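> Please work from the sequences and hints to get the whole structure.
Protein chains in written order, with the working numbering: chain G, 6 to 371; chain B, 28 to 324.
Rather than coming from a laboratory, the hints here were simulated on the basis of the structure. Be careful, since some hints might not be right.
Said to hold, decoys possible - Incomplete in silico selection of chain G near chain B, CB under 10 Å: (1) Arg55; (2) Ala58; (3) Arg62; (4) Phe89; (5) Ala93; (6) Met98; (7) Tyr106; (8) Arg158; (9) Ala161.
Owing to the predicted nature of the structure, the values given are computational and were not obtained by experimental measurement. Every residue gets a Cβ at the ideal spot worked out from N, C-alpha and C, and that includes glycine.
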Amino acid sequence: MEIRLQGVEKVFGRGARTVRAVRALDLVIPSGEFVTLVGPSGCGKTTTLRMIAGLERPTAGRIFFGDRDVTDWEPRDRNVAMVFQNYALYPHMNVFRNLAYGLRVRRTAPEVIDRQVQDTARVLEIGSYLDRKPRELSGGQRQRVALGRAIVRNPAVFLMDEPLSNLDAKLRLTTRAELKRLHLELRTTTVYVTHDQLEAMTMSDRVAVMHDGVLQQYDGPAVLYERPVNTFVAGFIGSPPMNFLPATVERSQTGMALQVAGVTVALPDPLRRALDQRAERRQVVLGVRPEHLRFQSPQVAGVLPARVFVVEPVGAETYVDLLVNGHRVVARVDADTAVSVDDKVGLVVDLRRIHLFDGETGQAIR
Amino acid sequence: MTYETRRRLRLVLLYTTLVTVTVVICFPLAWALVTSVKPNDEMLRLPPTFLPERLTADHYRALLTGRAMYFEAATGYRPKTAPPQHFLAWFFNSVVVSVGTTVISVGVSTLAAYSLTRFSFPGQRFFSYFSLMGYMVPSVIFVFPLFLLMARLGLTDRLPSLVLGYISITLPFCLWLMWAFFRGIPLEVEEAGLIDGASRLQVFWQIVLPLALPGIIATSIFSFVVSWNDYLIARIFMNSISQLPLTVGVMHFFEGVHVDWGLMMASAVLMTLPLSILFMLVQRHLIVGFGAGAVKG
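Spelled out as structure tokens, the structure:
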């Protein structure tokens with residue numbers, strides 16, 4: 006089921022306390038894809054999900070399922086299933102009745118209910134506690150029941166609102182993989198909400214990055230990582246996040262050159278062409294991912310002078326926090342790199358992989 | 028003092044306190060029960076007997092059959108109003124009024140509290156504060172205005188006036204109690220129901236009400252006890268002897284200088300029975316069924 010949002014807006018409250026939760030949102034979620042809405046809290050991602058579910062009515066704009074306008078439909082007419090952050094199981098019903106409830110209110114035949122519940126329980130390995138109440142289950146088990154309640158009805162769309170955020174780190178990792186596998190098997194259109202960019206990147210076919218109710222970028226995970234449209238997306242996607250350094254672009258004898266931390270570096274061709282069409286001199290923001298920084302001796306010409314602030318080994322690699330001209334920068338280096346706190350090092354930037362953003366608007370220059 | 032002796036001392040103190048409190052609370056009840064099965068000549072004997080020498084069911088028989096012959100046989104005295112024959116009517120009145128009050132106040136407060144927690148409408152805040160204010164004012168203040176109102180409506184000396192009077196006392200508190208209960212039911216559970224395909228009404232019946240059951244039982248007990256035990260309102264609203272509830276009715280056993288302690292105590296025991304049975308039936312539900320486990324935490 007393809008989902009289309011056209012100019013969707015949501016405003017909460019009235020007068021001085023008005024909150025514009027979602028602004029002029031256009032989004033197409035192709036049939037069968039796993040799409041994630043990601044952003045910091047308050048960015049409008051959950052509100053968007055709830056509007057797709059029918060739990061909130063958009064203030065403006067239309068929502069389509071396929072070619073049918075469902076904007077004014079009740080949740081129960083939309084044939085969607087939702088997994089809530091806190092699971093929202095029915096506490097007075099046992100697991101079987103929790104799973105069966107949606108089928109029962111749709112007047113499914115008892116033997117069909119029984120078969121579908123058993124099938125779902127088998128897939129999710131919850132068959133052994135079908136007669137337990139939710140309060141007798143662990144967090145992970147509850148999470149599975151919530152998931153089971155969604156898939157048992159075989160809905161047209163899955164909606165998931167941070168379903169992993171109440172699990173401990175280890176369980177979150179395994180469940181994440183299982184969810185992805187489940188989607189590959191069922192191929193049901195899925196809209197997933199999270200504030201965790203890693204979940205978004207690892208699970209999704211496409212990711213919609215939202216900020217302050219505005220859609221920033223909607224692309225595949227690789228594109229988001231390689232070609233972020235602005236400093237917000239660049240800083241949000243990736244861990245550790247992209248480093249930003251204020252810089253100036255100036256015309257020199259050899260063409261456009263970049264001045265950063267008192268050092269002049271030549272620009273690679275595509276960026277130079279993009280800059281050539283613009284003003285003589287401008288403030289920009291240089292964006293470099295931590296893995297695109299290398300250490301050199303500080304005496305080598307053209308390197309950025311830096312001082313080691315703190316060293317964070319994480320096992321397979323090491324994150325080195327540095328100070329460059331008063332700005333904090335993180336480099337991601339091999340675990341066996343020999344650096345210690347307060348060392349003076351030279352930083353080499355992989356110039357083919359840098360990003361430039363406009364100093365005022367934060368938009369990518371390319 | 029060793030740890031062990033201190034622990035024992037604490038236990039002894041604890042149990043002494045518990046036993047004392049239990050005895051103090053239960054003695055009047057036990058005394059009523061014992062007195063109700065003593066024959067009249069043993070009842071006021073000095074020194075008193077705690078356990079009756081001879082058991083009799085005369086008092087209960089008089090109350091339940093309405094026949095007062097034994098009065099004359101035992102005392103040679105025949106009271107003018109012969110109250111025992113009204114006992115069953117009083118009992119019936121009390122049941123009708125209490126059940127009526129309970130059903131209406133629980134029904135209304137449940138619906139009102141649900142709408143207060145789940146919907147927003149103009150005047151919502153004012154309404155909830157206002158009803159809470161009604162709960163703060165002592166009920167005595169309402170009695171005479173209510174009486175005048177009932178008189179104007181032509182309801183005085185009729186059971187509906189009592190039901191209305193009791194509701195005016197119970198409703199604010201019931202509303203407040205149900206409100207607290209509904210606020211404890213997570214909204215997501217209802218939304219899950221809506222998405223699962225239930226209508227709002229189905230969600231209310233099949234999900235919200237079962238979860239609110241402990242609250243409904245608590246409010247029911249509260250309204251039942253208030254209306255069953257009330258004396259003040261019934262004393263003022265009711266006149267005819269056949270229309271009285273138990274609390275006011277049994278006062279007729281004080282007949283001038285003659286107090287029929289046997290009937291009084293038997294009535295007291297019979298009055299306590301319905302409440303005791305009610306408590307025994309529902310006390311299990313008061314603790315099970317809470318919404319634990321639906322939501323994390």
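> Can you verify the interface hint for Ala161(G): is its Cβ closer than 10 Å to any Cβ in chain B?
violated, 12 Å
> Under 10 Å, Cβ to Cβ, is where Ala58(G) needs to be relative to chain B, so tell me if that hint holds or is violated.
holds, 6 Å
> Taking the closest Cβ pair, is Tyr106(G) under 10 Å from chain B?
Holds, about 5 Å.
> With a cut-off of 10 Å on the beta carbons, see whether Met98(G) makes it to chain B.
Check passed: Cβ of Met98(G) comes within 8 Å of chain B, closer than 10 Å.
> Report holds or violated for the interface hint on Phe89(G), using the least CB-CB distance to chain B and a cut-off of 10 Å.
holds, 5 Å
> Mind checking the CB of Ala93(G) against every CB in chain B and telling me if the closest is under 10 Å?
This hint holds: Ala93(G) lies near chain B, its Cβ roughly 4 Å from the closest one there, short of 10 Å.
> Classify the hint on Arg158(G) as holds or violated, based on whether any CB of chain B lies nearer than 10 Å to its CB.
Where the cut-off is 10 Å and the nearest Cβ of chain B is about 8 Å from Arg158(G), the hint holds.
> Taking the closest Cβ pair, is Arg55(G) under 10 Å from chain B?
holds, 8 Å
> Hold the hint about Arg62(G) up to the distance rule: shortest CB distance to chain B must be less than 10 Å.
violated, 13 Å
The structure is inconsistent with the numbered hints 3, 9, although it conforms to all the rest.
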